[in-house]
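Visitor: Following the hints, complete the assembly by docking chain A with the ligand onto the known chain H.
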Amino acid sequence: MSRDAIFSAFEHAAEQPLESARAWKQAHGTPVVGSFPMHFPGELAHAAGCLPVILQESQEPITVGHGMIYPFYCGYTRSVVDQACKGDYDFLDAIMFGDHCVQVLGAADVVRAKLPNTRVHFYQLISSMSDPWSLGRARETFLLLREGLEEMIGHPIADDAIHASIQLFNQNRALLRRLYDLRRAGTANITAKQMQLAVKSSMVMDKASHNALLQQLLDELESSSDRQQRGVRVYLSGHFCQAPKLGVLDLIEDCGGIVVDDDLYHGTRYISTDVSEQGDPISALAEWYLARNLKVPCPTRVDQNADWENYLLKAMENSNAQGMIVLMAKFCEPHMYYYPEIKEAFERHNMPHLLIETEHELTALEGLRTRIESFLEVVKRQANAQARRVAA
Amino acid sequence: MKSSTAQYVMGIDFGSTTSKTVILDRAGNMVASAIAHKGSVSNDGAMVSMAEALQQAGITEADIARAVSTGYGRRMLDIADKSYTEITCHARGAVHLVPDARLVIDIGGQDSKVIAVDANGLVSQFAMNDRCAAGTGKFLEALARAVQVPLEEMGPMAMTAVEHLSISNMCATFAETEVVALLAEGKRKHDVLGAVHAAIASRTLGLIARVGKREPVVMTGGVAKNVAAVHHLEQVLGMKLRIPPDPQIAGALGAALFALDEITSPDHADEEDRVDTEMAAARCGTPTCTAKKPLPANVHPLHGPALH
Ligand code: SF4
Chain H
1 MSRDAIFSAF EHAAEQPLES ARAWKQAHGT PVVGSFPMHF PGELAHAAGC LPVILQESQE
61 PITVGHGMIY PFYCGYTRSV VDQACKGDYD FLDAIMFGDH CVQVLGAADV VRAKLPNTRV
121 HFYQLISSMS DPWSLGRARE TFLLLREGLE EMIGHPIADD AIHASIQLFN QNRALLRRLY
181 DLRRAGTANI TAKQMQLAVK SSMVMDKASH NALLQQLLDE LESSSDRQQR GVRVYLSGHF
241 CQAPKLGVLD LIEDCGGIVV DDDLYHGTRY ISTDVSEQGD PISALAEWYL ARNLKVPCPT
301 RVDQNADWEN YLLKAMENSN AQGMIVLMAK FCEPHMYYYP EIKEAFERHN MPHLLIETEH
361 ELTALEGLRT RIESFLEVVK RQANAQARRV AA
Chain A
1 MKSSTAQYVM GIDFGSTTSK TVILDRAGNM VASAIAHKGS VSNDGAMVSM AEALQQAGIT
61 EADIARAVST GYGRRMLDIA DKSYTEITCH ARGAVHLVPD ARLVIDIGGQ DSKVIAVDAN
121 GLVSQFAMND RCAAGTGKFL EALARAVQVP LEEMGPMAMT AVEHLSISNM CATFAETEVV
181 ALLAEGKRKH DVLGAVHAAI ASRTLGLIAR VGKREPVVMT GGVAKNVAAV HHLEQVLGMK
241 LRIPPDPQIA GALGAALFAL DEITSPDHAD EEDRVDTEMA AARCGTPTCT AKKPLPANVH
301 PLHGPALH
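One line per chain: the protein sequences are H and A, in this order. All letters in the first sequence, in the order written, are residues 1 to 392 by the working numbering. All letters in the second sequence, in the order written, are residues 1 to 308 by the working numbering.
With the rest of the complex left out, here is chain H:
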């Protein structure tokens, strides 16, 4: 398959996640388990013989869901509720809800009420990550998740099956990280949109099929070298549960930015950390849960040892980024809590950054264009002035 054909396969799954999951279920008879994003270990559902699918924000206008959830909830939760109200989730065999923020809890209540015949498993993961009991509590939650899945399929899930799934998921993360490495190094020109499609499709597709596509793509990319791109090297930060709109990503690049790295959930956050393939798999998943918060700090977790703003400064340095664009989903409380610290740290370090608040309803991009172009002009002009001073 050509590079373009692989990206279109990713796009098909990423942009119609429910249709592609339904088709997979029909073709393979696999039960489909939907989950909220962020902290669900898809490995467990996979080991239970299911297709784990992370429920995505839909691009459809929110209509019937309006009546069920406040308009000041984030676009992700409003869209999930709307999809549930429209019957889009009826084909799911189970839904696994975590409670990573208050808004997601509200959405879970509505979805549960709207889908009385769907098995809904609610799990609460400890959110304080650096206490002596954090690991034990995370392990207990994952054990309960395993039991919930075993009850659903009617038989125990063997440790070996979980190990095999962990291995498959690790491979997937490693392949995606290789794609990031190529982009960071500038040897493969992968657009922000393509990168999102690669990661987002992994959240909804069968992992083995996704791995096969990724392997082909990497074989092609690693055997050639793209021409070095010109423009301002941009780091993208923010957006957790929903993927940033592709139009916004295209706009950044259209204005002269080159996205070189990110901490997006539909990006490096999702693939940052592998699970140990040794020993008790449930303990390994609990360790993974704590470790990934140190790799890419998450504002929905409380961790004395993690510092998001320092992480971002370091990540910008590693990717040689010149400016950071923060994409904040409107009404996303966890992000709003942390943003002031990021702003302050970036100002202290003279690092250019631009905040863009995004909305489910965002359609007119022209206003954004001026802000993005202005930001890139600021970065360029400041850098030029400095280069002249250095030369003088």
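Because the hints were derived from the structure by calculation, they are not lab data. Hints should not be assumed to be uniformly reliable.
List of simulated lysine-lysine pairs, DSBU-like, C-alpha gap at most 35 Å [claimed, not checked]:
id : chain 1 : residue 1 : chain 2 : residue 2
1  : H       : K343      : A       : K213
2  : A       : K213      : A       : K138
3  : H       : K25       : A       : K240
4  : A       : K225      : A       : K138
5  : A       : K225      : A       : K189
6  : A       : K225      : A       : K240
7  : H       : K343      : A       : K240
8  : H       : K314      : A       : K213
9  : H       : K343      : A       : K189
10 : H       : K114      : H       : K25
11 : A       : K240      : H       : K295
Taking CB as the label site, the calculated pair distances span [to be verified]:
id : chain 1 : residue 1 : chain 2 : residue 2 : range
12 : A       : D44       : H       : E361      : 29 to 37 Å
13 : A       : E185      : H       : E333      : 47 to 55 Å
14 : H       : G67       : A       : V227      : 44 to 52 Å
15 : A       : L151      : H       : N189      : 49 to 57 Å
16 : A       : E234      : H       : R348      : 35 to 43 Å
Residues from chain H shown here face chain A by an in silico Cβ test under 7 Å; the list is partial [as the list claims (entries may be wrong)]:
id : residue
17 : H66
18 : Q171
19 : A174
20 : T370
21 : R371
22 : E373
23 : E377
24 : V378
25 : R381
Backbone N, C-alpha and C define an ideal beta-carbon position, used for all residues, glycine too.
Guide: Using the frame of chain H, we list chain A with the ligand on its own:
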């Protein structure tokens, strides 16, 4: 047809409700400036302001060596050799008019912006209003209609307000409803208009807070000609605003200055084409930047690789 030996440069600010054109000679003297009101992003408006400016200067398009456009419709002009955003051009124009400016407040037809400028006259931060027209020229226009007072009379009338009323600064449509309700309650137009201008000022203060308050402050854009808007802004800021004689042309002037740079010091021009290699060389924008030197004591850039 533009020729490189021609003696003039042109800056065109193709705005959402008005178009402004400035022509400079090679020495940087302003030889013409024109403003045309033609409604939403109108090509006609841009053409009219350009034709008027050329006529004022007594020259033709062939005498223009370089043209730079800015504003909402900046990419729609064939005549322009290059375009920059209104943030970059307004800052440039405002700093040219008031060289020690550190903060530029520009309130135009459709948007309002606040730009922090560093000691070198470069933009260090900016904030723009989001989609809502609250706090912009449009907001004033809508309320002028509601109060049935000609736009240019609103400011002087608002200055005679006696009773302190308040209206919301969040949404132009809500504000209009509130204005109608106040009038229905029998409140005087003067007092209602006082409240309208206070709302613009408090809305702008929100934008200023995003980039940080600093002095001296220059105000540009059409609303800078409105005495009540300036008065209320000065009140909420607790400082005097500097208003250039022609506040509306700052963006077009900035664009013309960029055009001038490009013909007089091509080394410094065409930033876009040169910037990536230079930035890579300087590794600028990274905390480990080896090119960094200590900042002078009087310089406090808020962000940006800036002044080291
Ligand atoms: S973390 Fe933010 S985006 Fe995710 S559900 Fe909560 S509020 Fe919405």
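Visitor: Each hint: holds or not?
Guide: Going down the list of hints, with the structure as the test:
A threshold of 35 Å between alpha carbons decides the hint, and for H:K343 with A:K213 the separation of about 16 Å falls inside it, so the pair holds. Pair hint A:K213 plus A:K138 holds up; C-alpha atoms about 25 Å apart against a cutoff of 35 Å. Distance restraint check for H:K25 and A:K240: the Cα-Cα separation of roughly 69 Å exceeds the 35 Å cut-off, and the hinted pair is therefore not satisfied. This hinted pair checks out: A:K225 and A:K138 have alpha carbons roughly 15 Å apart, not beyond 35 Å.
The hinted pair formed by A:K225 and A:K189 meets the criterion: a straight-line CA distance of about 20 Å does not exceed 35 Å. Restraint check for A:K225 and A:K240: the C-alpha separation of about 15 Å stays at or below 35 Å, so the hint holds. Distance restraint check for H:K343 and A:K240: the Cα-Cα separation of roughly 29 Å lies within the 35 Å cut-off, and the hinted pair is therefore satisfied. For the proposed pair H:K314 and A:K213, the alpha carbon gap of about 29 Å is at most 35 Å, so the pair holds.
Taking the CA atoms of H:K343 and A:K189, the gap is near 42 Å; set against the 35 Å cutoff, the hint is violated. Between H:K114 and H:K25 the CA atoms are separated by roughly 22 Å; this keeps the pair inside 35 Å, and the hint holds. The hinted pair formed by A:K240 and H:K295 fails the criterion: a straight-line CA distance of about 49 Å is larger than 35 Å. Distance hint for A:D44 and H:E361: a CB-CB separation of about 32 Å, consistent with the stated range 29 to 37 Å.
At roughly 38 Å, the beta carbons of A:E185 and H:E333 sit outside the given window of 47 to 55 Å. H:G67 and A:V227 have their C-beta atoms about 48 Å apart, which keeps the hinted 44 to 52 Å range intact. For A:L151 paired with H:N189, a C-beta distance near 50 Å keeps the hint of 49 to 57 Å intact. Checked against the hint of 35 to 43 Å, the pair A:E234 and H:R348 fails, with Cβ atoms roughly 31 Å apart.
Restraint check, H:H66 versus chain A: the minimum CB separation of about 19 Å is more than 7 Å; hint violated. Annotation: interface hint on H:Q171 violated; nearest CB of chain A at approximately 32 Å, more than 7 Å. Interface restraint check for H:A174: the shortest CB-CB distance to chain A comes to about 27 Å, outside 7 Å, so the restraint is violated. Evaluation of the H:T370 hint against chain A yields a held restraint, the C-beta minimum of about 5 Å falling below 7 Å.
Given hint, H:R371 at the interface with chain A, holds; its Cβ is 6 Å from that chain's nearest Cβ, closer than 7 Å. Restraint check, H:E373 versus chain A: the minimum CB separation of about 5 Å is within 7 Å; hint holds. Because the smallest distance between the Cβ of H:E377 and any Cβ of chain A comes to about 5 Å, under 7 Å, the interface hint for this residue holds. Annotation: interface hint on H:V378 holds; nearest CB of chain A at approximately 5 Å, less than 7 Å.
The criterion of a C-beta within 7 Å of any C-beta in chain A is met by H:R381, whose closest approach is roughly 6 Å, and the hint holds.
In summary, the structure is inconsistent with hints 3, 9, 11, 13, 16, 17, 18, 19 from the numbered list given earlier, while agreeing with the others.
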